[in-house]
Amino acid sequence: MDETNNTIETLKNKIINLEDNMNELAQYSRKSHIRIFGVPESEGEVEIAQDIFRNKLNIQFDLIIDAAHRVGRFNTPDLSKPGVTIRPRGKIVRLLRRDHKQAIITARRKLAVSSISICEDMTLTNVKLLKETQT
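Read in order, the letters of the sequence shown are residues -16 to 118 in the numbering used here.
Be aware that one or more of the hints could be misleading.
What the hints assert, rightly or not - Pair ranges (Cβ atoms, derived):
1) Leu113 x Ile(-1): 13 to 21 Å
2) Arg18 x Asn(-12): 41 to 49 Å
3) Phe57 x Arg81: 29 to 37 Å
What the hints assert, rightly or not - In silico DSSO-like pairs for lysine-lysine, Cα to Cα no more than 27 Å straight-line:
4) Lys(-5) x Lys114
5) Lys93 x Lys14
6) Lys(-3) x Lys93
7) Lys39 x Lys14
8) Lys93 x Lys114
9) Lys(-5) x Lys111
10) Lys14 x Lys(-3)
11) Lys114 x Lys14
12) Lys(-3) x Lys111
13) Lys39 x Lys93
Calculated directly from the structure, the hints in this document are not laboratory data. Glycine included, each C-beta is placed from N, C-alpha and C at the ideal position.
With the sequences and hints as input, model every part of the structure.
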């Protein structure tokens, strides 16, 4: 029985280590990603992101956006509830250079009076850790 408990503990520790490694790899792959919230949905996600960076954040150098797309469940309006607005899905933007991401993160304070918000793209585990440290 004691040997079985030791085996179970060893396996639990291995699972925890594997989950930690997986989280680190997932977060590393998001190093050049940002999330944008509060932008109405329309065609041309890359162009919309570039417009936000140039006009709202006043970033004048050429940002190279590798990809941009919406994430999350598509919200369909409930027509039985007039006046209820649907919040647009968030957008992930992958930049080619990490220093461009840092420039955007630094300049995002300029959006304080806007309905648009920008944050770093983080794994769910890291989002939970951040919320725990902020409370």
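So which of those numbered hints doesn't the model satisfy? 6
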